[in-house]
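Asks: Following the hints, complete the assembly by docking chain Y onto the known chain C.
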Amino acid sequence: MRESHNFVGKIDWITVGIYLVLVIIGWLNIYSTVYNVQQGSFYDFSNDFFSQKSGKQLIWITTSFLLAFIILIIDSRFFSQFAYAFYIIAILTLIGVLFWGSETSGSRSWLVIYDDIRIQPAELAKVATNMAIAKYLSTINIRMEDIKTKLIAFSIILLPALLIVLEKETGSALVFASFIFVLFREGLSGNILIILFLMVLLFVLALVMNVFLLIGVILALALLVFIFMRRRRKEIISLISIVVLATSFILSVEYVVENILEPHQQKRINVFLGKETDLKGAGYNINQSMIAVGSGGLTGKGFLKGTQTKFNFVPEQSTDFIFCTIGEEWGFIGCAVVIGLYVVLLLRLLYLAERQRSVFSRIYGYGVASILFFHFMINIGMTIGLAPVIGIPLPFLSYGGSSMWGFTLLLFIFIKQDATRLQIL
Amino acid sequence: MKKRYSERRYIIATIIIVVSVLFILRLFYIQVIDKSFQKMADNNAIRELTEYPARGLIYDKNGELLVYNEAVYDLMVIPREVKNIDTAELCRLLNIPIDIFNKRMLAARNYSPYVSSIFERQIPKEMYGFVQEKLYKFPGFYIQARTVRKYPLPIAAHALGSIGEVSQKVIEEDSYYAPGDYIGLTGIEKYYEKVLRGRKGRKKVMFDAFNRAKGRYMNGDYDIPAVEGLNLYTYMDAKLQEYGEALMKGKRGSIVAIDPTTGGILAIVSSPGYDPNLLVGRNRGKNFKALIEDQSKPLFDRALMAQYPPGSTFKLVNALIGQQEGVLFPDTRYSCSGGFPLGGGKVVRCHGHASPLDLKQSIQVSCNTYYCKAFKDIIENKKYKNTREGFEAWRSHVIDMGFGQKLGSDLPNELPGNIPQAEVYDKIHGKNKWKALSIISLAIGQGEIGITPLQLANLGAIIANKGWYYPPHIVKDIGLPDCPNPLFKKKINTGIDSSYFEIIKEGMLDVVEAGTGFGVRMTEIKACGKTGTAQNPHGANHSLFLAFAPYDNPKIVVSVVVENAGYGATWAAPIASLMMEYYILGKVSRKDMENRIINGVIKYSDK
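Residue numbers (our numbering), protein chains in the order written: chain C, 1 to 425; chain Y, 1 to 607.
Bound conformation, chain C alone (with noise of 0.2 Å):
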């Protein structure tokens, strides 16, 4: 095999390939949004054009792309040498952010370096604590089998994820949970997916359902294994610890929703499970949403002649709510593409990943590859009416320079690292 001379690498142009259209379609789709009909023009060079959000994404995009120039050429080892260096620095960011950031509609999160310029930290700091987590789990001698290596993975992981949430913003925070599937894939018991999964379960459940009758079920079930089951002492501990602890999972689930969860969280909450149809605010979001896409119908209304997005109804439509307007105006067809694209993405990228020799580049990979997939499915789950109301944008597509920096650093940095991989000795 020849050795790649040149200190670039040799780039997965597939990988590159969907980010570039990726990114063109949320072009397209946010100068639609901001397209007013009447003047109808299509190239509105005009003065205005970059005060307006399609004239702005331009800059964020090509700003991005100087990003991603950099990061091919820079030394690949770079990235895990200053992991830490890195991660620090977002730590310190975060908590600057909670004395110093700009408020804005409830949430402390966007720091203000000059003006009008201002970033979200948060969203660099996914990318820092990706490293973070990939160096410290690739160091020799650390086994994820172990439980002090479990508890400062989590920390790791928690640390960020919490200052977030000081920040009034949660939604971002949840993200952090993505990083599960990269500890799984490093060795952490599936049996914790399985349990996060049935707490998620219990969660909707207890909410939904009468209280005591999913207990009663529990008992039911319970009753059962314990029939079928050998008698053996630790097993029946096993399983009456179990019912215990679901229960008591079951009766906080209402204590926790009305008292621990902020009032608009709640609704979110309540809108999704149908609980309550307030279509004046989270209910309306959502409402709105499912109507511009749902009106798609099969080929969409046509690039510029979505009127739900174009005419206010969809509110954060070029942020959170960018697939709208793919929905609307390029109907099923559309929605399909761009998650096929989506999809093909984030399974190369488990392929990329698992042809790492590094462990490093593996795990960041991973990393890469879950938060992706994290934003992808609450994003979209969202704005079809499968997932509560969390305000997280979809990677490449949604408006924002602090989103599109965060993602194209991201997915470059692995990019470049599975671009030298075989350099490595």
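Just so you know, the hints here were simulated from the structure itself, not pulled from any lab data. As the structure is a computational prediction, the values presented were derived from the model and not from experiment. Please note that the accuracy of each hint is not assured.
[Unchecked claim] Within a straight-line C-alpha distance of at most 25 Å, the following computed SDA-like cross-link-like pairs (lysine to any residue) qualify:
1) C:K168 with C:F154
2) Y:K39 with C:L304
3) Y:K150 with Y:Y274
4) Y:K39 with C:F154
5) C:K305 with Y:Y274
6) Y:K83 with C:I24
7) C:K148 with Y:M40
8) Y:K297 with Y:D377
9) C:K267 with Y:M40
10) Y:K125 with Y:G164
11) C:K305 with C:I24
12) Y:K214 with C:Q52
13) Y:K204 with C:F203
Replies: Just chain Y, lined up with the frame of chain C:
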């Protein structure tokens, strides 16, 4: 050890694929299978605005405008879409107090939160500009342009009619109408509603979430253009109408003027009347209330609905029936010695005149006795088995001459009048126990008989035409000045032979030349007439006159009724004569008579 975990990539990959497939399925469902979202999207963004076409205009026979349209603006509200508005500012803009505002919003919400209702009717023109400018601040409110009727001349209120908001009942029966639409309520506005209203159009306009219009949906491909209403061109002569209303000022009663050759109504006056502009606009309710409460009943269309005993004018009818029945001839003579004896000391009185009289003279002089005798001959004609049969034969002739039934004109509020049936007398006197003497008052147009001024004028047309008539109507052409109204084209034959009419005409000519109507004789025009003095159980006699002119080829028939005014010759005749002079010659030279009439006021005592 680490190698083992690489298999886990399949689990992760599977999770990714499962979630994506779930999304695809869900998308397929809501985008392709479930059609309700498309509908909701349309409701969100696309609003159907109704385009109201201009209502047809109404012209008089000389092309003068009688009714035209003026634009007014209603402020509409859709309660559900009203979000976060500055109520105080809106109240200031509309100049209404806050409690009224709240009351109206509540009413609108109770009506429906989703459907628009009228919030403020007919915003004055001066206010419209300001309101429209600021309306974008108030989502949920929008302006609906409408037209209302305006009348350049304050005449013919009853005939022209009025428009008003359509009632719930009509909305339920006819899906064309929506709440808040206008519909013709009275007069020819009502009769020709379907012609005048045109057809509503539909504009699909896109609105954004802030209630701002964003352009036509699909460039107007789905719009249905409004169709303007058709104009009406009437027979009415505005100047004649105006003149008639001036003549009737201060008196109660009516004038009906018809062109016998077409049945076209040249003028139709009901006095007291009112300015039609009163029932338009924001003060409509107030004005209407005042008119309703007015004891002289200005809203009551006397020309069509007031039923009077015809008095001596009815003698013309009996004269014709008598000839037709073969019991009366031009040279039939009856003597009169001051009255017709009924037996038991009762007499039908007559005034002084020569005796005996032939048929022509009996008309000229209006002899009661003559007609009592003639009537008896008609009813108790030997060719009929009994009185009852004779009566019913007589009655059917009367009906054929347009009495006792609606004439079917295009003025909707006609009443049929009353020609009593045999059963009535059976009840009073007992079956088959009555004869001509019991009902003799019918001979001279008194008793249980009621006709409307329209029917009286129609009688004049029948005589002028010698035996037939067109149903009297007011609209000549529809749509364009030379597009004839297809209705009312059928001549109606009265069944009285035309040869019997000549003597009647001559008699009526003599009335004016040398008879009871002598006072209104003109030199330039040979006019025919018949006086009538109808006895009125409630007060003074009514003054009636039926006339037409000129004697050769009559162009105009006029019937006049002046309530409680005494002799026909004193008030009704001059009015009819002046009307004919004005119409035929274009001006009136008998100024003394004109002044007396115009300035004349009859004192009415209302209970």
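Asks: For each hint, tell me whether it holds in the structure or not.
Replies: Now the hints, each set against the structure:
{"no.": "1", "hint": "C:K168 with C:F154", "result": "holds, 21 Å"}
{"no.": "2", "hint": "Y:K39 with C:L304", "result": "holds, 20 Å"}
{"no.": "3", "hint": "Y:K150 with Y:Y274", "result": "holds, 14 Å"}
{"no.": "4", "hint": "Y:K39 with C:F154", "result": "violated, 48 Å"}
{"no.": "5", "hint": "C:K305 with Y:Y274", "result": "violated, 57 Å"}
{"no.": "6", "hint": "Y:K83 with C:I24", "result": "violated, 37 Å"}
{"no.": "7", "hint": "C:K148 with Y:M40", "result": "violated, 55 Å"}
{"no.": "8", "hint": "Y:K297 with Y:D377", "result": "violated, 41 Å"}
{"no.": "9", "hint": "C:K267 with Y:M40", "result": "holds, 23 Å"}
{"no.": "10", "hint": "Y:K125 with Y:G164", "result": "holds, 20 Å"}
{"no.": "11", "hint": "C:K305 with C:I24", "result": "holds, 18 Å"}
{"no.": "12", "hint": "Y:K214 with C:Q52", "result": "holds, 19 Å"}
{"no.": "13", "hint": "Y:K204 with C:F203", "result": "violated, 47 Å"}
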